[in-house]
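Enquirer: Okay, here's what each chain looks like letter by letter:
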Amino acid sequence: MMSIEIDDDEKEDTSRRPAKAVVGSHRDEQEVFGKVYDPRIVRRIWSFVKPYQGRILISVVAVLVFTLTQLAIPLIIRHAIDNGMKAGSADRAVLAWTVGVFALVILINYAASYMQENVVGKVAEMVLSDLRRAMFNHLQRVSLSFMDKTEVGRLMSRLQGDVNSMQEFLETSVMSVGDIALLFGIVSVLLWLDLRLGLLTLSTMPALFVVRLFWLPRAKVAFMAAHETNSIANGALAEGIHGVRTVQSLERQHVNFDLYDEKVLANLNTHLTSARYAQIMVPIVDTLTGIAMATVIVVGGSMVLDRSLDIGVMVAFLFYIQRFFDPIRSLTMQYSVMQRAMASGERVSEVLDVPLDVKDKADAVALSADMEGSVEFRKVTFGYRKNQPVLRNVSFRVNPGEIVALVGPTGSGKSSCMALAHRFYDVWDGQVLVGGLDVRDLTQDSLGEQIAMVLQEPFLFSGSVFENICYNKMDASREDVIRAAQAVGAHDFIAQLPDGYDTQLEQRGGNLSLGQRQLISFARALVANAKILVLDEATASIDSYTEMLIQKALIRLLEGRTGLVIAHRLATVRGADRIIVLQNGEVIESGNHDQLMAAKGLYSRLYTMNYTSFDDILGEVETQTPIATA
Amino acid sequence: MNADASNSALKRRDSFAHVAEASWGKGLSTLLRITRMTLRHPWQVAITFISTFLAATLQLFIPRLLGQAIDQAQGVIGQGADSGAEHALWITALILFVVSMLRGFFTMLQNYFGEAVGHQTGYELRLAFYEKIQRLSFSFHDRVHTGDLITLGLLDLDGVRMFFSTGLVRVVLLGVLVGVGAFLLVRTDILLGLLSLSFVPFVAWRSSVTQLALRSTWLMLQDRLSVLSRVMDENLGGIRVVRAFAAQAHELKKFDRAKEAALELAKRRVDIRVGNTSAMNLSFFAAMALVLWFGGEKVIAGEISVGTLAQFLTFMTILQMPVRQLGLMVNSFARASTCGTRLLALLDLDLDIKDAPGAKDLVIIEGVLRFENVGFRYAGASSTAALSDISFEAKAGETIGIVGPPGSGKSTIAHLVPRFYDVSSGRITIDGQDIARVTLQSLRKAVGVVQQDAFLFTTSIENNIAYGNPWAREQRIERAAESAQLHNYIIGLPAGYTTVVGERGASLSGGQRQRLAIARSLMLRPSVLIFDDSTAAIDAGTEQRIRTAMRRFAKDRVTLIISHRLSSLMHSDQILFVENGRIVERGTHAELLAAGGRYRALYDLQLRPEDERRARNEGA
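The listed protein sequences correspond, in order, to chains A and B. Each residue of the first sequence is one higher than the one before, counting from 134 in the working numbering. Each residue of the second sequence is one higher than the one before, counting from 360 in the working numbering.
None of these hints come from the bench; they were simulated from the model. As the structure is a prediction and not an experimental result, all values here were calculated from the model. Built from N, CA and C at the ideal position, the CB exists for glycine as well. Take these hints with a grain of salt, some might be off.
As the list claims (entries may be wrong) - Under the rule of at most 25 Å between Cα atoms (straight-line distance), these lysine to any residue pairs were calculated in the SDA-like manner:
(1) A:Lys492 with B:Gln607
(2) B:Lys491 with A:Asp394
(3) B:Lys626 with A:Ile241
(4) A:Lys492 with B:Lys713
(5) B:Lys491 with A:Val175
(6) B:Lys713 with A:Asp391
(7) A:Lys606 with B:His609
(8) B:Lys612 with A:Arg378
(9) B:Lys626 with A:Ser298
(10) B:Lys612 with A:Glu361
(11) B:Lys626 with A:Glu639
(12) B:Lys804 with A:His375
(13) B:Lys385 with B:Lys612
(14) B:Lys612 with A:Glu639
(15) A:Lys183 with B:Asp615
(16) A:Lys733 with B:Gly900
(17) A:Lys685 with A:Asn532
(18) A:Lys494 with B:Gln607
(19) B:Lys713 with A:Asp394
(20) B:Lys626 with A:Val470
(21) B:Lys491 with A:His387
(22) A:Lys492 with B:Asp615
(23) A:Lys494 with B:His609
(24) A:Lys183 with A:Leu204
(25) B:Lys626 with A:Lys519
(26) A:Lys519 with B:Gly851
(27) B:Lys385 with B:Ala572
(28) B:Lys804 with A:His387
(29) B:Lys612 with A:His375
(30) A:Lys606 with B:Arg599
(31) A:Lys353 with A:Tyr468
(32) B:Lys657 with A:Gly596
(33) B:Lys719 with A:Lys733
Claimed, not checked - One side of the interface only, derived from the structure: several residues of chain B facing chain A at Cβ under 7 Å:
(34) His504
(35) Thr510
(36) Gly512
(37) Met591
(38) Asn939
One chain only, chain A, in its complex shape (with noise of 0.2 Å):
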């Protein structure tokens, strides 16, 4: 049989380091970097940049007049140099009326720059803005099966790091234009200046083209290397702090803190050379700005001694080389920018495309609130995934004030039926009906008005109780709140808070006991106010104490309404009304207790196994003893 401790012979590995054991968890990154340009990408992030053309016409412009002036600034002084100070012969009046179109060029750049920067700054806040309230607006709306197939945190991570990533897109893309302006500004007006001491300059620019060519590639290997080990090192000590008790009581510190070691100095070491490959570029770039500078003080000084050029050219030049390799540089970051906002564009994309299944009708009706409160399944054919149905056939009825408890193995399709009443899903054959009505012909608001759910894991919200309890039911008056929270005897230990009923609760209620949160998920349900009650008992066992309150919860809950009941205790399913027992999606028993246990059915055989709750054992005890009914 089973042995596991006598065998102390057992030879173990008891090399320092185990083999198997990790810190921390390895996700594959998501791809970073997308294609650079992508039209229906950039046509999607457009319909978002789109209201605000006006304001980003205006600072291209700005941005245009800012290039302008700052391309102006040497020609100026060149202009002072040539015209205004030719010594001895000097014209004042020059030089100071030079200056003061110096002035004036500095204001204009002032408000250019100004305008521009804040212009960009601000529609890019606000495109990010809308961009997350349209993700997050889409979420609510899309059908469920998306969303179950979703981490919850892999969508976080779309609402905020992408978004962040399209932001940064943004604002340097206007930029970019500036810096397009500024480079072939250059090029212009070096050329312009001199053709030929022009051309020699421009010449160092095509080698810095190429030698980035051949570095980015390689560049972005390591860069993205850095970035990696350093998201798996923070993953491991993000485990490290949130498991820190069982790693103490497992005494698995030494071996950790090895594993962390490896990790934290693999980051060192991507970080090292990623860092050898950013700095490497400063003395190409300075060498390259050397030989620029070089050729104009060889070739233009002689020329200046020739008397074939103007000595202010030859400062103008001087000037323009040092802001040369400034636009180059900035567009081929610029590049990578881009890159990574198409990949982001794609992801958030991605989410905005899911179609809404479940939506409303054009002609969609509201269901009244004096329905008669009945919910039926006609042969209800509905799974999550082609060709594999969880429900096959399923009919039933639950009259108007009926209680009806489902019962089954885990998978046998009574979540499914909860979800399908509600119309989380719709369904691939059959009818779904509440009121009498197919639920697809129902507003959806108005079927969560009249229907009201409890769910296993009782969910809170951060706030005050008070706005957990009364939550979309913002009319709920706080006498309403009281005797719904009396109702479920959830008062008194709401009035023992520090703030009673304001009391703020933690992420997810974490300041209150499970049972105390389902009590509040039960007053909530009360507050609704709904003539159906659709409500799917939590599995977790709670204390005795409190299982009583709940269980009169339940029945102060249920009273003078509709109700599907998923039970999981036996207590419950005894106090239903009718009991429909499901199996492998189908139903295989229906009828009341009694009935049932005269039936000698898969019911009789667990209720009299004496099980005390119908959880996740139902599909054990069916895979151990084959089914022989009778």
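Assemble the complex: chain A is given as a structure, and chain B must be docked to it using the hints.
Expert: Only chain B this time, still in chain A's reference frame:
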């Protein structure tokens, strides 16, 4: 509501921040300590500073060389002899080329080694931080929010790491550029020198003020954004509740409120930032205009050459960038001093639970666990004791059941045995050795605690089970899983034991997680095994099978079962009923039933209906 939410977020942060009350003295000593830390890499620090000095000095040569070249081109210095002038130009050009190249080379060294020192300091700090976090006691982790610790380990640590390259190195760079540069310029021409430096104080002041303003608004913005992301996170996490109550519009309103608050601040930050850069540019260009004007006059008057004027102008362009970055330097100092104070406060914390001096390894001979008048109160908690006067003894092979209402202190008993907390009075012994006097490692290897909320690591099931003993052979892992009644489930999974579970892996039900936690504890072969309410999500039948599987080995071990479910512990050799931190009833199941006290009342509530029903069924 928003304001309240962010207030409470701030309050939570304060729970740790109070240790790091910012003061000038403290900030300064923090910066000194960080500086000393970087000195652990003396060679690299030396190379960085020397390179910085050389790069800055070489840079100062460039305006001179350019000015010189301009004068040579005009023949001012070359005086007529054309070939001589051209020769001079060639030499200047060559020197300029070499200077530029060297400047680039030393800038590279400065940046690289500056970063390298920072990253290595960061590496050391990360390890120290991790080690500390792993060793700090449960009381610390109860008190400090995990999110705050993560912020401390990521953002604050970064603030400290960057201090060398963005703070200290810049001081040297700016010092040389402004100091030596000013000296050279003023010596050449006092008026022009002063004019060309006139923008420096203004820009330095503006940029420092702005950076500090941006920093404080950034912290505010982070708070508002965290409210926003909480709204999103809750909405996505609670999507079923939102749908069930048709509350999309309500949620969107909540989102909009949070979004507007963040947007408004973000726009204000744009104003601050942009207002500053434009003003800095303006002051720089204004100074340039003055230099041009007065310099031009001087050129006309023949006092200086055009080359000298150009020298002043190019010097200004060189100075512009570093001076603007002065704000970043000030910011780096501010950040390093607040982040560093917080981080060092944590690293300096004393471990409140550690090996006593001269502690020996725990030696287990018979395996007798004794509680002797144990009392306990949580640190900083209200004056009421969590436990008082707890005494009991358990021999190897015995099972002790502990039951009581929620909050009665039963879990606290479990936490005292492996010294997650230390007793406030009395003592706990194992085979006569006070657990406070043995090494923690030997104690915790001997005591297994199966906790209520089993934390799963994001890795394979196999690694999770072998977490405390990663050297274990596969058969042992499987046997532990068999005993915990999990083996059949695992082999049914497509990837079997290599299935990844945890936060980002396959999800296990509450019962399965608890069974995994049981298997994990069995791997350590503990002499004392404590179930801390850890079978609550496992149904009675499976629990029964687990008990049977473990019974064979229970003879060498003390088992403590803490539960509110009587069926889990009614078979124990001794049952303790705990209420308000005291043992109010003790005895076997039969004795306690007969006594007719609280245990009896709980039995009537929980089990009698079931027992009677079974009796009825059997009778029928």
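Enquirer: All hints are to be evaluated individually against the structure, with a verdict given for each.
Expert: We went through each hint and held it up to the structure:
no., hint, result
1, A:Lys492 with B:Gln607, "holds (13 Å)"
2, B:Lys491 with A:Asp394, "holds (14 Å)"
3, B:Lys626 with A:Ile241, "holds (24 Å)"
4, A:Lys492 with B:Lys713, "violated (60 Å)"
5, B:Lys491 with A:Val175, "violated (48 Å)"
6, B:Lys713 with A:Asp391, "holds (20 Å)"
7, A:Lys606 with B:His609, "holds (9 Å)"
8, B:Lys612 with A:Arg378, "violated (39 Å)"
9, B:Lys626 with A:Ser298, "holds (18 Å)"
10, B:Lys612 with A:Glu361, "violated (37 Å)"
11, B:Lys626 with A:Glu639, "violated (30 Å)"
12, B:Lys804 with A:His375, "holds (21 Å)"
13, B:Lys385 with B:Lys612, "violated (44 Å)"
14, B:Lys612 with A:Glu639, "holds (21 Å)"
15, A:Lys183 with B:Asp615, "holds (21 Å)"
16, A:Lys733 with B:Gly900, "holds (21 Å)"
17, A:Lys685 with A:Asn532, "holds (23 Å)"
18, A:Lys494 with B:Gln607, "holds (18 Å)"
19, B:Lys713 with A:Asp394, "holds (22 Å)"
20, B:Lys626 with A:Val470, "holds (22 Å)"
21, B:Lys491 with A:His387, "holds (12 Å)"
22, A:Lys492 with B:Asp615, "holds (23 Å)"
23, A:Lys494 with B:His609, "holds (22 Å)"
24, A:Lys183 with A:Leu204, "violated (31 Å)"
25, B:Lys626 with A:Lys519, "violated (48 Å)"
26, A:Lys519 with B:Gly851, "holds (23 Å)"
27, B:Lys385 with B:Ala572, "holds (22 Å)"
28, B:Lys804 with A:His387, "holds (13 Å)"
29, B:Lys612 with A:His375, "violated (33 Å)"
30, A:Lys606 with B:Arg599, "holds (17 Å)"
31, A:Lys353 with A:Tyr468, "holds (12 Å)"
32, B:Lys657 with A:Gly596, "violated (71 Å)"
33, B:Lys719 with A:Lys733, "violated (63 Å)"
34, His504, "violated (10 Å)"
35, Thr510, "violated (11 Å)"
36, Gly512, "holds (5 Å)"
37, Met591, "holds (6 Å)"
38, Asn939, "violated (15 Å)"
When held up to the earlier numbered hints, the structure conflicts with 4, 5, 8, 10, 11, 13, 24, 25, 29, 32, 33, 34, 35 and 38 and fits the remainder.
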